[in-house]
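Just so you know, the sequences run in chain order Y, X and G.
Reading the first sequence from the start, the letters are residues 1 to 272 in the working numbering.
Reading the second sequence from the start, the letters are residues 1 to 386 in the working numbering.
Reading the third sequence from the start, the letters are residues 1 to 175 in the working numbering.
There could be a bad hint or two in this list.
[What the hints assert, rightly or not] Pairs of lysine-lysine residues, derived as DSSO-like cross-links and limited to a Cα-Cα distance of at most 30 Å, are as follows:
#1 Lys58(X) with Lys87(Y)
#2 Lys207(X) with Lys172(X)
#3 Lys309(X) with Lys3(G)
#4 Lys144(G) with Lys159(G)
#5 Lys207(X) with Lys87(Y)
[Stated by the list, open to error] Examples of chain X residues lying across from chain Y (beta carbon under 10 Å, computed):
#6 Gly33
#7 Phe36
#8 Ala75
#9 Ala79
#10 Ala84
#11 Gly108
#12 Gly232
#13 Tyr235
#14 Val236
#15 Ser240
#16 Ser242
#17 Tyr249
[To be verified] Calculated Cβ distances over 10 Å to all of chain Y for the following chain X residues:
#18 Glu15
#19 Gly83
#20 Gln137
#21 Gly210
#22 Ser241
#23 Ala257
#24 Arg266
#25 Asp287
#26 Tyr347
#27 Asp364
#28 Tyr371
Derived from the structure by calculation, the hints contain no laboratory data.
Note that the structure is a prediction, hence the values are computed from the model and not measured.
Think of the CB as a built atom: it goes at the ideal place given N, C-alpha and C, for glycine as much as any other residue.
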Amino acid sequence: MSHATGVRYLKEGMLPHMWCSGCGIGVMLGAMLRAFEELGYRNADTVVVTGIGCTGKADDYLVTHALHTTHGRALAYATGIKAFNPKLHVVVLMGDGDSVTIGGNHFIHAARRNIDLTAIIINNFNYGMTGGQVSATTPGGRYTSTTSWGNPERDFDICALAEVAGANYVARETPYHGWEMKELIKEALNKKGFSLVEVFSPCPTHFGKNNEMRQTREMLDWLKEKGLPVEQYRKLSVAEQENHFAIGKLVDRDATDFNTRYEEIRARATAL
Amino acid sequence: MNELFKKGRETLGREVRLIQGNQAMSEGAIYAGARFFAGYPITPSSEIAEDCSKVMLKVGGVYMQMEDEIASIAAVIGASLAGAKAFTATSGPGFSLMQENLGVAVMGEVPCVVINVQRRGPSTGLSTKPAQGDIMQLRWGRHGDQSVIALCPATVSECFAMTVTAFNFAEKFRVPVIVAPDEIVAHMRETFSLPEPGEVEVIDRKKPSGSPKDYKPFVADADGVAPLAAYGSEYVFHVSSSMHGPDGYSNNDPANAAWRVAQLHRKIEMHRDEIVITKNFATEDADVLMIAFGATTRASRAAALELRKQGIKAGVLQLITLWPFADREVATLADKVKTVIVPEMNYSGQVAGEVQRVLGSGADIRRVNSYNGEVITPQEIRRVIS
Amino acid sequence: MGKKERYEIILAGSGGQGLVLAGIMLGEAAVLEGRNVVQTQSYGIASRGGLSLAEVIIDREEIIYQQVQEPDIILALTEEALEKYAALAEKGVRIFYDTTLAKPRAGENLTGYPFTKIASDLGNVASVNILSLGAMTAAVPMVKTESLAGVIRKRFQGKALEMNLEALRKGVELI
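Please build the complete structure, drawing on both the sequences and the hints.
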């Protein structure tokens with residue numbers, strides 16, 4: 001196996017990147033570009049769609065086709081691209097605020113439609129770019145710049161949401177496991193229908209600082225200890241599961257994707 | 001520029017049908033080459049979605065009902081960048097939801113068409129009743145600072161013709177174009193005959209040529225507009241809602257920002273004469289000038305005919321292009337008349353305000369406003385004269 | 001009544017009575033005869049019930065203002081609709097109304113038939129719109145009955161076509 005670098009998709013002169021030391025976005029981007037290379041993606045056939053937030057800056061580093069959109073709406077833009085040209089590889093990069101807080105409606109509907117997009121979500125449990133405010137994935141009780149005495153709300157389980165909404169492929173990984181992340185992204189890209197890879201990411205600058213994990217190392221250790229391979233996680237009792245999360249491939253199924261269904265209906269309509 | 005429009009009722013030898021304004025707009029879109037529609041049902045525009053859901057399957061296009069209007073305009077922009085002529089249709093509440101992403105189409109210079117069938121508000125208001133209350137929202141509805149093109153048909157034939165024109169402007173100038181009929185015109189059925197293919201000019205966006213490596217999606221030609229590639233082509237490119245340089249990548253340099261913002265306005269200013277479409281009815285010798293748009297054009301023309309029977313020389317200036325505003329046309333005509341009347345289906349006199357701006361604060365502009373969900377009648381307009 | 005160049009027609013009743021469709025079919029019949037037509041409607045948010053109006057203008061010339069201003073003929077299929085327009089009969093407007101649903105009124109230009117009951121007896125209450133059109137066009141030559149039959153043939157097939165043509169015939173026979 002050759003060692004893919006993904007450099008052919010990287011814009012020259014852009015490194016080092018803008019993200020904070022310890023942030024997982026760079027690891028995700030590296031894994032995604034290596035996955036592209038290992039799958040033989042051509043830059044001209046690949047469209048990366050981003051939203052707004054730290055993750056939304058990722059397109060600036062790429063020399064694929066790209067569309068940088070509004071906060072929360074990246075999946076809707078990507079839906080239009082893919083629906084009109086199903087030959088394109090369309091990948092959507094979002095944060096947790098983007099994908100399931102402001103953009104939650106688009107997220108469940110993209111999964112329900114099972115449109116052949118790959119969503120990669122960097123979940124860092126808070127709004128990084130705007131200064132560490134609470135998001136829909138901030139765990140209950142945690143501290144952020146807008147939950148100074150603890151978060152009164154509960155958090156979304158993004159993977160569970162994708163599963164019940166109808167995604168064909170759902171996986172979760174942490175930057176602690178870069179190689180595995182790349183492998184999961186490859187599977188997601190290869191899967192026809194809606195696929196999701198959620199990346200639990202450290203945000204030492206904000207979430208870590210507010211929750212006694214100021215050092216990157218502490219955040220990574222937190223993710224490493226909490227994250228258990230899915231097989232192991234499923235063996236735990238419900239009470240034990242509360243203290244952990246599953247990593248790896250969580251859902252893998254082959255429901256017909258939107259474009260295929262649309263073409264089936266077109267065949268029926270034009271036969272009349 | 002618009003042959004069909006000039007030809008008017010010349011329909012001999014063709015199938016003549018009784019169709020709705022909404023249907024004429026969907027037929028206009030298909031005629032213009034639209035092959036992607038994404039929308040969300042809303043009265044009084046839903047017939048457009050219903051038509052497209054059937055037709056797109058047959059013409060090789062794609063119809064999608066999205067989860068909301070925010071997603072609809074987003075999908076339209078995505079599809080346009082993938083090479084489609086794409087559009088959506090909505091009404092007040094949905095149009096409000098589309099504003100942020102409509103700004104992306106302005107900023108990213110993405111051709112697309114939005115049909116906003118105007119209904120009576122505020123808010124969800126009277127959903128089945130007509131209004132002309134979105135005039136300022138068409139122009140200023142988005143945050144930031146941007147120019148936009150908005151057209152307003154008054155007949156079913158104009159619904160067709162102005163939708164074709166909207167796509168032509170969108171493609172030619174890389175802008176979103178809004179077609180904003182009132183509910184009356186959108187739901188009215190009128191005799192209509194579909195032009196043959198090729199009979200009405202259809203314009204496609206300029207594609208890049210030369211080396212893909214050198215392609216910069218925001219470097220304009222002499223006409224103020226840059227060629228636009230499609231996702232999937234060898235001309236790999238970036239489009240961004242955020243401030244970007246000539247190559248589409250983030251660029252926060254003040255000089256670059258100034259260049260971008262000015263360029264977005266300038267390309268519309270440069271082509272102002274082509275974009276501003278007006279129509280004159282008996283204005284040559286008029287003492288009384290009605291400045292009207294949409295359905296109120298029809299009431300104004302009927303009022304003018306009646307007034308002429310009474311010996312009062314009345315004429316009508318129909319604004320088909322609402323934005324950019326027809327400053328010059330209004331000023332030229334108003335200069336020659338004694339009385340200017342602006343009838344419109346809103347309380348605030350949105351177009352009357354523009355006319356006032358053009359003619360000066362001292363000008364005597366008689367306003368006729370209806371805001372109860374009912375149309376303006378010729379009698380109501382005539383009344384301000386006697 | 002001799003044939004005129006221009007007709008202004010109001011079809012009034014309640015949502016669900018097929019008045020807009022009646023307006024469209026009347027308009028299509030006029031289009032078949034090479035005339036200009038504008039058809040508008042006014043309705044509330046409910047698909048059923050509430051005052052529903054369809055207006056049709058038929059003219060040899062261009063139709064400038066889109067609304068009916070001086071109606072020639074009015075169809076009123078409910079009491080509410082008849083109440084709204086009955087007074088116009090004195091001014092010479094020909095009013096046809098449904099005695100099944102509206103109280104009978106005496107007076108010149110007021111013509112009542114139990115349209116709904118007849119349609120119901122035919123086995124298809126939904127054909128009340130076509131039945132009424134049949135009576136109206138037989139009384140006032142806005143369009144030829146054959147043109148209306150042509151429109152019905154274009155729009156319907158099979159049993160529905162037969163039923164609607166029968167309703168049209170029954171309407172014409174009323175006059």
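Here is how each hint holds up against the structure:
1. For the suggested pair Lys58(X) and Lys87(Y), the alpha carbons sit about 20 Å apart, so the restraint of at most 30 Å is met.
2. Among the hinted pairs, Lys207(X) with Lys172(X) is consistent with the structure: their alpha-carbon atoms are about 11 Å apart, no more than 30 Å.
3. Of the pairs offered as hints, the one joining Lys309(X) and Lys3(G) holds, with about 25 Å between alpha carbons and a cut-off of 30 Å not exceeded.
4. Annotation: proposed proximity of Lys144(G) to Lys159(G) holds, straight-line Cα distance about 23 Å (limit 30 Å).
5. For the hint pairing Lys207(X) with Lys87(Y), the CA-to-CA distance comes to about 20 Å; that is within 30 Å, so the pair holds.
6. The criterion of a C-beta within 10 Å of any C-beta in chain Y is not met by Gly33(X), whose closest approach is roughly 13 Å, and the hint is violated.
7. The restraint placing Phe36(X) at the interface with chain Y holds, with a minimum CB-CB distance near 5 Å, inside the 10 Å limit.
8. For the restraint placing Ala75(X) at the interface with chain Y, the shortest Cβ-Cβ distance is roughly 3 Å, inside the 10 Å limit, so the hint holds.
9. Because the beta carbon of Ala79(X) sits about 4 Å from the nearest beta carbon in chain Y, less than 10 Å, this interface hint is met.
10. With its C-beta approaching chain Y no nearer than about 5 Å, Ala84(X) sits inside the 10 Å limit, and its interface hint holds.
11. Interface restraint check for Gly108(X): the shortest CB-CB distance to chain Y comes to about 8 Å, inside 10 Å, so the restraint holds.
12. Checking Gly232(X) against chain Y by beta carbon gives a least distance of about 5 Å; that is within 10 Å, so the hint holds.
13. A cut of 10 Å between beta carbons decides the hint on Tyr235(X): the least distance to chain Y is about 8 Å, and the hint holds.
14. Because the beta carbon of Val236(X) sits about 5 Å from the nearest beta carbon in chain Y, less than 10 Å, this interface hint is met.
15. Proximity of Ser240(X) to chain Y holds as hinted, the smallest CB-CB distance being about 4 Å (cut-off 10 Å).
16. Against a cut-off of 10 Å between C-beta atoms, the interface hint on Ser242(X) holds, since the closest Cβ of chain Y lies about 6 Å away.
17. Interface restraint check: Tyr249(X) against chain Y, minimum CB-CB distance 6 Å, threshold 10 Å, status holds.
18. Listed as a non-interface residue, Glu15(X) keeps its Cβ farther than 10 Å from every Cβ of chain Y; the least gap is roughly 21 Å.
19. Residue placement check: Gly83(X) does not keep its beta carbon more than 10 Å from all beta carbons of chain Y (closest about 7 Å).
20. Residue placement check: Gln137(X) keeps its beta carbon more than 10 Å from all beta carbons of chain Y (closest about 18 Å).
21. The beta carbon of Gly210(X) is kept farther than 10 Å from every beta carbon of chain Y, the shortest such distance being approximately 16 Å.
22. Remark: the non-interface label on Ser241(X) conflicts with the geometry, its nearest Cβ contact in chain Y lying 6 Å away (cut-off 10 Å).
23. For Ala257(X), the condition that its CB be more than 10 Å from all CB atoms of chain Y holds, with the nearest at approximately 16 Å.
24. Annotated as non-interface, Arg266(X) keeps its C-beta farther than 10 Å from every C-beta of chain Y; the closest such distance is 23 Å.
25. Residue placement check: Asp287(X) keeps its beta carbon more than 10 Å from all beta carbons of chain Y (closest about 51 Å).
26. No beta-carbon of chain Y comes within 10 Å of the beta-carbon of Tyr347(X); the shortest separation is about 32 Å.
27. Non-interface call for Asp364(X) relative to chain Y: holds, since the shortest CB-CB distance, roughly 45 Å, exceeds 10 Å.
28. Every C-beta of chain Y lies more than 10 Å from that of Tyr371(X), the closest at about 33 Å, which supports listing it as non-interface.
The structure does not agree with the numbered hints 6, 19, 22 stated previously, though it agrees with the rest.
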